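Undergrad: Go ahead and model the full structure; you've got the sequences and the hints to work with.
As given, the protein sequences belong to chains A and B, one line each in that order. Position in the first sequence (first residue = 1) + 16 = my numbering. Position in the second sequence (first residue = 1) + 58 = my numbering.
There may be inaccurate statements among the hints.
[Said to hold, decoys possible] Simulated restraints, written as ranges between beta carbons of each label pair:
no., chain 1, residue 1, chain 2, residue 2, range
1, A, ILE184, B, PHE112, 20 to 28 Å
2, A, ILE184, B, LEU328, 37 to 45 Å
3, A, PHE320, B, THR198, 28 to 36 Å
4, A, PHE127, B, GLY178, 25 to 33 Å
[To be verified] Going by beta-carbon spacing under 8 Å, a handful of chain B positions derived as facing chain A:
no., residue
5, LEU81
6, PHE92
7, ILE94
8, LEU104
9, PHE164
10, LEU187
11, PRO190
12, THR291
13, GLY299
Treat the hints as calculated values from the structure; they're not laboratory data. In this text the structure is predicted, and so the values were computed from the model without any measurement. Ideal placement from N, C-alpha and C gives every residue a C-beta, glycine not left out.
In case you want the letters, here they are:
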Amino acid sequence: MTDIATRATRVVESSVGRHRRSNGGGPRAGTVAAFLTPFFLPFVLFYLVPVGYALWQSFRVVRRTGGQYGTSYTTFGGFEQYVEVLQNSEFWASIGRIGLFGIVQVPVMLFVALIMALLLDTPLLRLKSFFRITAFMPYAVPGVIAAIMWSYLYSPQLSPVVDLLKGIGLEPDFLGPGAVLWSAANVSTWLWTGYNMLIMYSALQSIPQELYEAARIDGASNWTIAWWIKVPIIAPSIVLTTVFSIIGTLQLYAEPAVLRQISSNISSTFTPNMLAYAVASGNNYQQAAAISVIIAVITFVLSFGFMRLTSKKAGL
Amino acid sequence: MSNQPVTSESRVSRTAVMALMSLLAIYFLLPVYFLIVAATKPQGDLASTNGLAFSHFNLFENLRVLFTRSDGIFGRWAVNTVIYAVLGAAVGTLISALCGYALAKFRFRGREFLFSVILGGVLVPTTALALPLFLLFSATGLVNTYLAVFLPSIVSPFGVYLARIFANAAVPQELIESARLDGAGEFRTFFSVAFKLMTPALVTIFLFQFVAIWNNFFLPMVMLQKESLFPITLGLYQWNGQTARAPLLQQSVITGSLVSIVPVIIVFILLQRFWRSGLAAGSLK
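TA: Rendered as structure tokens:
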């Protein structure tokens, strides 16, 4: 079958075919729907409906007729749940912890990931695939299991790390009131550094080598090339990893929940999501919905805000 | 410029780079190494011996205890995990591929609108969905069933986003046209032509969705009370919470953690190249 022949028949037949079809070249509407429905049906039922339901619920309150023991009924309460959440000191404490966690953990993790990606991209390093694989490997470990593994390394009875540090005269308390937040942050850093590194590294790999030639001829060092050429080019990937990390931080649940099993310094309302779960466990689903909506809104605002901010700065 | 200072400088930076990367590699390997060592020890040695050195080799006994504890519930959790994460990701990949392909290759009204709704879905935190889903599912009697975890897990807006990018890149429009001219229906064209071309991309989508389900702890935690329906993560979490009362469980938590991550790590390393193509596409914007 020659190329020209197929092309010719295609041209002829597609002009015939066009009369057959109603919407100019594409398949019939029923066929399009058959491709889209298997995704959109569950997407609507298990994504959009719950979002709508949470919104609706967050505007409702439970009231009782005739005092404490009267029959309860739910009714429209306006912003009552939101006001209650925003006046709840536990809510602000959980936001404060997550904020502190995010301000320190996200930049530290992304900085390490960026350095690793840049080093993997230089000719200076040997054993590249070994380093790439070891860094990425934690991504295969679910948060719960990662937290269990690290909790053994934090535990004063079992940890070889604690033993080592004691050997050099330190008295580490990874589960103490001041340290436990950073112990949780370390689990997240361990889990996600390699993933973020790989995103940045993939972006670095797609830069054509010729770009560096000119700089090299001008005598630029590897570091100059890294900071002044490579980093600006992969800026979109760095933004992307930042946004993903912000979203991840706001959703934090599994890691602190596991550490809570061995440390009394993590309360049941340690993160906003833990607070939402605790409130829902107390059967106040309306307020839990309000917390979920607030977390989602903060996620949106921060993600979009960060993307806008960086794209303006870079003049994109 | 003489050659001498350049090479000595590069030898210094070479060593510095190697040292830094080796330190980081130790950091990433340490917890896994600890887990391997701990899984081979009898319970009694956990606290009394150095955590980084092997002692009495007791791995097979630990495995036997793990798999026979509570009538073999751990095996049940492993099967459940396969159902939720492997089967769920397979179904999810198929429906994402169909949808992404249609969004890439068919022209129809409302296409861009649908795509932006899906993109909005990428940003919705899945944990925010779990509690309202719980209420909806308890109204319909789905709570505490396989479907309660399985059905929400098959939906991956990010998968559709990737499928659309990959379909655009991997399936030439001319091939679709000529299949149509040969009289193939749209589904036949998809399964016989596009599916093959998109296979590497579909593996990537599958892997991403597998990890998302494997990692999603909040959903099964909210939905399931019956132990026999738990995935491994929830089961180990529950055991871990009981170790204060039943210290012997500790060894099973450790062995169970190792048993559940080793196969996944091996598969990940074997399928490395698929990650990189997916991550590259994700960072394209």
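Undergrad: None of the hints should be skipped; say for each whether it holds.
TA: Each hint, compared with the structure:
{"no.": "1", "hint": "A:ILE184 x B:PHE112: 20 to 28 Å", "verdict": "24 Å, holds"}
{"no.": "2", "hint": "A:ILE184 x B:LEU328: 37 to 45 Å", "verdict": "40 Å, holds"}
{"no.": "3", "hint": "A:PHE320 x B:THR198: 28 to 36 Å", "verdict": "34 Å, holds"}
{"no.": "4", "hint": "A:PHE127 x B:GLY178: 25 to 33 Å", "verdict": "30 Å, holds"}
{"no.": "5", "hint": "LEU81", "verdict": "11 Å, violated"}
{"no.": "6", "hint": "PHE92", "verdict": "6 Å, holds"}
{"no.": "7", "hint": "ILE94", "verdict": "11 Å, violated"}
{"no.": "8", "hint": "LEU104", "verdict": "6 Å, holds"}
{"no.": "9", "hint": "PHE164", "verdict": "5 Å, holds"}
{"no.": "10", "hint": "LEU187", "verdict": "5 Å, holds"}
{"no.": "11", "hint": "PRO190", "verdict": "4 Å, holds"}
{"no.": "12", "hint": "THR291", "verdict": "4 Å, holds"}
{"no.": "13", "hint": "GLY299", "verdict": "5 Å, holds"}
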